[in-house]
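Given chain D, put chain Y in place with the hints provided.
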Amino acid sequence: MYNISEIELDALKEIMNIGVGRSAFSLNKLVGKRITLQVPNIRVISYAEVKNEVSQQEKEKLSIITMAFKGELTGLSELVFPTDGAIKIVKILTDSKLENGLDDELKSNTLSEVGNMILNALIGTIGNLLKTRMRYSIPKYFECKPEEIIDNISPENSKVIYAETVFKIIDEDISGSFIVFLEVDSYKRLLELLNDYSNSYKTL
Amino acid sequence: MNILVVDDSVTTRKFLLDVLSRAGHNVTEADNGVNALIKIMNTEPDTIILDLLMPEMDGFEVLEKLNSNNIAIPVIVLTADIQEDAKEECFALGVKQFINKPFKPKDLLSAINNIK
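These protein sequence lines map, in sequence, to chains D and Y. Residues in the first sequence are numbered consecutively from 1, following the working numbering. Residues in the second sequence are numbered consecutively from 1, following the working numbering.
Do not rely on the hints blindly, as some may be mistaken.
What the hints assert, rightly or not - Quick list of in silico lysine to aspartate or glutamate cross-link-like pairs, EDC-like style, CA-CA up to 20 Å:
id, chain 1, residue 1, chain 2, residue 2
1, D, K70, Y, E56
2, D, K70, Y, E89
3, D, K131, Y, E61
4, D, K131, Y, E88
5, D, K70, Y, D85
6, Y, K14, D, D95
7, D, K70, D, D185
8, Y, K14, D, E72
9, D, K140, Y, D31
10, Y, K14, D, D104
11, Y, K87, D, E105
12, D, K70, Y, E61
13, D, K91, Y, D18
14, Y, K14, D, E105
15, D, K131, Y, D85
16, D, K33, D, E172
17, D, K140, Y, D58
Read the hints as simulated data drawn from the structure, not as lab findings.
One chain only, chain D, in its complex shape (with noise of 0.2 Å):
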């Protein structure tokens, strides 16, 4: 029930690629340095391995910033950095110059709307690649332990389809991930939508 093709995996990791192309040209535009990223890391997987293979990559406390998206396919979009590499974030774009602690509420304001543009570009591009329509929720910005990465998602599905692309962010050494977790209900529709995908690309 679960396994996609090569050639679906293929469409797919070519239309993540592209929607992270455009999140981190956003990213670029935002914070005026050049992101880098790496081949995108496409399965179909359980939460729980989520979590397990999550909390083994990563031992620092993160900064997400989540926005969830409904339509023909339904799931949750995820920026994530090391805590201390958002701070940065906010730190270059506020023109901070403090150096312990920033406030609070400055740092969850200016995440979240980076969140809004870079999840936005992410999901919008996937969306329009696919020829679907997507309605987001408003994003929200939470710190945890990596072990803690889903436990805020409440998933109803045990399997999610997951797509990860690890960026760096050239000169100021922060490192993060965009994550899409793909609830499986909307598996069939994305299969075809992918098909039509393919297709398209071949009467170029």
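Coordinates of chain Y only, in the frame set by chain D:
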């Protein structure tokens, strides 16, 4: 020009206030669609800069309310939503200019000049 800025992000409102004030505009602010409609009734701005995704009342509903009340104030949508359908819906609702975040101040000021 009297400009009403409608955005739930304090960060963006501060940035817009700075950019627009420097360009000689008078700026009022609202943090959601409900408060925007109150400000529109009370201050009758020349132009509205409107975000789409907001709590309480989103930008689309604001546009629908303006249309249903025959209020013809030019609206510039300033949003992170890059979906083509969203853009088309805005233009169908009478929006004059559609700008994506993040934006360059000169592009916004140019859009304001174009709708004068």
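For each hint, the structure was consulted:
Taking the CA atoms of K70 of chain D and E56 of chain Y, the gap is about 18 Å. The hint holds against a cut of 20 Å. Restraint check for K70 of chain D and E89 of chain Y: satisfied, since their Cα atoms lie roughly 17 Å apart, inside the 20 Å limit. About 23 Å separates the Cα atoms of K131 of chain D and E61 of chain Y, which puts this hinted pair outside 20 Å; it is violated. Proposed proximity of K131 of chain D and E88 of chain Y is supported: the alpha carbons are some 13 Å apart, at most 20 Å.
Straight-line distance between C-alpha atoms of K70 of chain D and D85 of chain Y comes to about 15 Å, which keeps the hinted pair within the 20 Å bound. Under the criterion of a C-alpha separation no larger than 20 Å, the hint pairing K14 of chain Y with D95 of chain D is consistent with the structure, at around 13 Å. As the CA atoms of K70 of chain D and D185 of chain D are separated by approximately 11 Å, the hinted pair is consistent with the 20 Å bound. This hinted pair does not check out: K14 of chain Y and E72 of chain D have alpha carbons roughly 35 Å apart, beyond 20 Å.
Between K140 of chain D and D31 of chain Y, the direct Cα distance comes to roughly 16 Å. Compliance with the 20 Å bound is thereby established for this hinted pair. Taking the CA atoms of K14 of chain Y and D104 of chain D, the gap is about 17 Å. The hint holds against a cut of 20 Å. Between K87 of chain Y and E105 of chain D, the direct Cα distance comes to roughly 31 Å. Violation of the 20 Å bound is thereby established for this hinted pair. Taken as a hint, the K70 of chain D and E61 of chain Y pair is honoured in the structure, with Cα atoms around 18 Å apart against an allowance of 20 Å.
For a cut-off of 20 Å, the pair hint linking K91 of chain D to D18 of chain Y stands: about 18 Å separates their Cα positions. This hinted pair checks out: K14 of chain Y and E105 of chain D have alpha carbons roughly 14 Å apart, not beyond 20 Å. Under the criterion of a C-alpha separation no larger than 20 Å, the hint pairing K131 of chain D with D85 of chain Y is consistent with the structure, at around 9 Å. A C-alpha spacing of about 8 Å is found between K33 of chain D and E172 of chain D, which places the hinted pair at or below 20 Å, so the restraint holds.
With a CA separation close to 16 Å, the supplied pair K140 of chain D and D58 of chain Y stays within the 20 Å bound.
The structure fails to meet hints 3, 8 and 11 from the earlier list, while all remaining hints are met.
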